[in-house]
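**Student:** For reference, the chains in residue letters:
There are 2 protein chains.
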Amino acid sequence: MTGSTRAVVLLSGGLDSATTLALARARGRTVVAVTFAYGQRHDLELRCARAQARAQGVARHHVIDLFTFGSIVAPATSLLRASPHSVPREDPTGGIPNTYVPARNTLFLAYGLAVAEAASATEIWIGANAVDYSGYPDCRPDFLEAFERVANLGTKAGRAAPDGRGIRIEAPLLTQTKAQIVALGLELGVDFAQTFSCYDPVGDDPPVACGVCPSCRIRLAGFARARHPDPLPYASRPGNTSNTS
Amino acid sequence: MTGSTRAVVLLSGGLDSATTLALARARGRTVVAVTFAYGQRHDLELRCARAQARAQGVARHHVIDLFTFGSIVAPATSLLRASPHSVPREDPTGGIPNTYVPARNTLFLAYGLAVAEAASATEIWIGANAVDYSGYPDCRPDFLEAFERVANLGTKAGRAAPDGRGIRIEAPLLTQTKAQIVALGLELGVDFAQTFSCYDPVGDDPPVACGVCPSCRIRLAGFARARHPDPLPYASRPGNTSNTS
Chain A
1 MTGSTRAVVL LSGGLDSATT LALARARGRT VVAVTFAYGQ RHDLELRCAR
51 AQARAQGVAR HHVIDLFTFG SIVAPATSLL RASPHSVPRE DPTGGIPNTY
101 VPARNTLFLA YGLAVAEAAS ATEIWIGANA VDYSGYPDCR PDFLEAFERV
151 ANLGTKAGRA APDGRGIRIE APLLTQTKAQ IVALGLELGV DFAQTFSCYD
201 PVGDDPPVAC GVCPSCRIRL AGFARARHPD PLPYASRPGN TSNTS
Chain B
246 MTGSTRAVVL LSGGLDSATT LALARARGRT VVAVTFAYGQ RHDLELRCAR
296 AQARAQGVAR HHVIDLFTFG SIVAPATSLL RASPHSVPRE DPTGGIPNTY
346 VPARNTLFLA YGLAVAEAAS ATEIWIGANA VDYSGYPDCR PDFLEAFERV
396 ANLGTKAGRA APDGRGIRIE APLLTQTKAQ IVALGLELGV DFAQTFSCYD
446 PVGDDPPVAC GVCPSCRIRL AGFARARHPD PLPYASRPGN TSNTS
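Just so you know, the sequences run in chain order A and B.
Quick note: the first sequence uses our numbering, first residue 1, plus one each step.
Quick note: the second sequence uses our numbering, first residue 246, plus one each step.
Simulated from the structure, these hints should not be mistaken for lab results.
Note that beta-carbon positions come from the ideal geometry of N, C-alpha and C, so glycine has one too.
Take the hints with a grain of salt, since some may be wrong.
Stated by the list, open to error - Restraint-style ranges between C-beta atoms, simulated for each label pair:
(1) 163/A / 310/B: 30 to 40 Å
(2) 165/A / 320/B: 17 to 27 Å
(3) 387/B / 141/A: 13 to 23 Å
To be verified - Example chain B residues on the side facing chain A (calculated, C-beta under 8 Å, incomplete):
(4) 321
(5) 350
(6) 351
(7) 360
(8) 362
(9) 387
(10) 399
(11) 401
To be verified - Computed, partial: chain B to chain A, Cβ under 10 Å:
(12) 313
(13) 318
(14) 348
(15) 364
(16) 383
(17) 405
Chain A on its own, in the form it takes in the complex (with noise of 0.2 Å):
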């Protein structure tokens, strides 16, 4: 690696982590991608966070096996249940959506701190977005910044920084909205048709977007307000996509 910034970039394959990755490397950063395998019904997100890391030539890649903790949190969350159809179908309305994942983002920080130090990198990026899903704790500032601290507390290159800082986990897209971050993303040139946001896509030989989970609706009226095409096939389009979020 060479000797400008190391960013470790958490990459799930969707929109938003992709958007994060590429500002992450438009801003000069070496970067170690961090994407988790952790039971999600489907593959597709994995194998666009691999397409991501390849064209945006990270220096690194892992692929973190969290089968385990899928399996402990599964019954507690509607996104790792077994049975299909159980993602809710309609937008989020303001509390905790049943998609939330327990401690997800705790984890993910926590892995993405562990590669960082190993690594001697000093931030950790995360696409995480306090607009579209404002129901989350995890993606709040207040968290974000709780977690910097256990950050620079915990670890070896945090206690050494005179500043208290010698981690910082960057969240660039917190404040944005969805059609920001696609305006943002087709600025730096990511390729949208190698991500994917769905939550319960149709079909096996590909899966296809179902064009009517509160991800896909979203997604789709931000593509609608950036005036983009998205260029994803969907097995469905909601009537007006731009009333929808």
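Use these hints to put chain B onto chain A, whose structure you have.
**Tutor:** Then chain B, alone, in the frame of chain A:
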């Protein structure tokens, strides 16, 4: 599980975590124990963790596979390197020991938090100790307090609690000496023959504690000061164990 307070206990198979578990049980907690397998050089600790979980009547025991984590952080810690005898044979000097594993307790607590939330447990007990290994950044009170804040901001259960402490991190041994921990464990009936603390065991069938690594020295000195024989066999013992901590 019963209506008593539910607690996750991080159980390594060492002396401290076995005593922590005994304390949680003595205080009436219904316990979900969590043990991590991350490429330690031997599985004796794991066998001890299982024995403790069984003997102490935990409601559930999850063993979580962290081998990917182990392989990623191995170059950064002597504890996980393949070559034998790379573990320091001297006592800790007050700096951060080279047995430090990047972000270990952050990751362990993050898993504990996920398990806790999925099991509706409100406490996470950890045998962290700031006396014997004062060099570890992730065994200090300020780190544990910061993690409790993360736990409460980053989870549904934590956000729901009116006092901001829906999840508590309990580290009852934090300021105890090893002799005090030994005495407490004996009082609570912990079978210390089923604990293992050595960094660098000797032989294979079965491996025996070396008696000279920092962890063995501190343990032996603790038993000596508690005026109780350590039931473990050792390959060798320092001339004067009471002088080493």
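**Student:** Would you mind marking each hint as holding or not holding in the structure?
**Tutor:** Taking the hints in turn, this is what the structure says about them:
1. Residue 163/A and residue 310/B have their C-beta atoms about 37 Å apart, which keeps the hinted 30 to 40 Å range intact.
2. A hinted range of 17 to 27 Å for the beta carbons of residue 165/A and residue 320/B is consistent with their spacing of about 25 Å.
3. Against the hinted window of 13 to 23 Å, the Cβ-Cβ separation of residue 387/B and residue 141/A comes to about 21 Å, which satisfies the hint.
4. With its C-beta approaching chain A no nearer than about 4 Å, residue 321/B sits inside the 8 Å limit, and its interface hint holds.
5. Restraint check, residue 350/B versus chain A: the minimum CB separation of about 6 Å is within 8 Å; hint holds.
6. The interface hint given for residue 351/B holds, since its Cβ lies 5 Å from the closest Cβ of chain A, which is under the 8 Å cut-off.
7. This hint holds: residue 360/B has a C-beta 6 Å from the nearest C-beta of chain A, less than the 8 Å allowed.
8. The beta carbon of residue 362/B comes within 4 Å of a beta carbon in chain A, closer than 8 Å, and the hint placing it at the interface holds.
9. Given hint, residue 387/B at the interface with chain A, holds; its Cβ is 5 Å from that chain's nearest Cβ, closer than 8 Å.
10. Checking residue 399/B against chain A by beta carbon gives a least distance of about 4 Å; that is within 8 Å, so the hint holds.
11. The interface hint given for residue 401/B is met, as the beta carbon of that residue sits about 5 Å from the closest beta carbon of chain A, less than 8 Å.
12. Interface restraint check: residue 313/B against chain A, minimum CB-CB distance 5 Å, threshold 10 Å, status holds.
13. With its C-beta approaching chain A no nearer than about 5 Å, residue 318/B sits inside the 10 Å limit, and its interface hint holds.
14. This hint holds: residue 348/B has a C-beta 4 Å from the nearest C-beta of chain A, less than the 10 Å allowed.
15. A cut of 10 Å between beta carbons decides the hint on residue 364/B: the least distance to chain A is about 8 Å, and the hint holds.
16. Here the hint on residue 383/B is kept, as its CB sits about 4 Å from the closest CB of chain A, short of 10 Å.
17. Given the 10 Å rule on beta carbons, the hint for residue 405/B holds: about 9 Å separates it from the nearest Cβ of chain A.
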